[in-house]
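Work out the full structure: start from the sequences and follow the hints.
Chain residues, written in single-letter form:
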Amino acid sequence: DTGVSQDPRHKITKRGQNVTFRCDPISEHNRLYWYRQTLGQGPEFLTYFQNEAQLEKSRLLSDRFSAERPKGSFSTLEIQRTEQGDSAMYLCASSLGAGENNEQFFGPGTRLTVL
Amino acid sequence: DAKTTQPNSMESNEEEPVHLPCNHSTISGTDYIHWYRQLPSQGPEYVIHGLTSNVNNRMASLAIAEDRKSSTLILHRATLRDAAVYYCILRGSYRGSTLGRLYFGRGTQLTVWP
Numbered sequence: 716d717t718g719v720s721q722d723p724r725h726k727i728t729k730r731g732q733n734v735t736f737r738c739d740p741i742s743e744h745n746r747l748y749w750y751r752q753t754l755g756q757g758p759e760f761l762t763y764f765q766n767e768a769q770l771e772k773s774r775l776l777s778d779r780f781s782a783e784r785p786k787g788s789f790s791t792l793e794i795q796r797t798e799q800g801d802s803a804m805y806l807c808a809s810s811l812g813a814g815e816n817n818e819q820f821f822g823p824g825t826r827l828t829v830l
Numbered sequence: 036d037a038k039t040t041q042p043n044s045m046e047s048n049e050e051e052p053v054h055l056p057c058n059h060s061t062i063s064g065t066d067y068i069h070w071y072r073q074l075p076s077q078g079p080e081y082v083i084h085g086l087t088s089n090v091n092n093r094m095a096s097l098a099i100a101e102d103r104k105s106s107t108l109i110l111h112r113a114t115l116r117d118a119a120v121y122y123c124i125l126r127g128s129y130r131g132s133t134l135g136r137l138y139f140g141r142g143t144q145l146t147v148w149p
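Those protein sequence lines, which keep their order, are chains B and Y. Every position in the first sequence, counted from 1, becomes a number in my numbering once 715 is added. Every position in the second sequence, counted from 1, becomes a number in my numbering once 35 is added.
Derived by calculation from the structure, the hints in this document are not laboratory data. Quick reminder that beta carbons are idealized off the backbone N, C-alpha and C, glycines included.
For the chain Y half of the interface with chain B, some residues (derived, Cβ under 8 angstroms), not all of them:
(1) 77
(2) 78
(3) 79
(4) 80
(5) 81
(6) 122
(7) 135
(8) 136
(9) 137
(10) 139
(11) 140
(12) 141
(13) 142
Right under this line is the structure:
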């Protein structure tokens, strides 16, 4: 399968713990995006990378969140000191370029539950 | 981001055509109209996009009003697999720091009955 993959698919953690998610984009795609989706809502943009550079961060991305994309390949999203409000589906997407004609390909998501 | 308005839900019977409307009265001249859909327990997937002219692909057709303030996604023969949330999204060529991101809204939940 050559699509976007995410690991883990599900994560249950206790409040206050740190968690890290991984996203592997489609190999030739230079753009990588992270979104968060809560129940009944559409995905909300968190941040994106062009190659290894993080170009934009949403106001939703508090200082407990950090994302990296070393070497412009896979990306990780870390949440420190998790809170119950962090419970959501975290989606990763990639695209070849950023133009309005470039579709984004989404992974299956990581569902986080904070107890 | 320019906003879109969609009905919360729609229903259809299998093998019937479905017309999913989207209003975008504040669309700018350089905004493309994109549609994505999200099947249960999956990430969103691209469906179709267009600028001014109607567009067709293997999944659907996109009909764009002449004034571009509304559009309609057309599924010619709905199947059970088409049951999903459909999102109408505007993407601009240049919108400052928001270039490339997608603004989803809440979309339309399509139910398909057998």
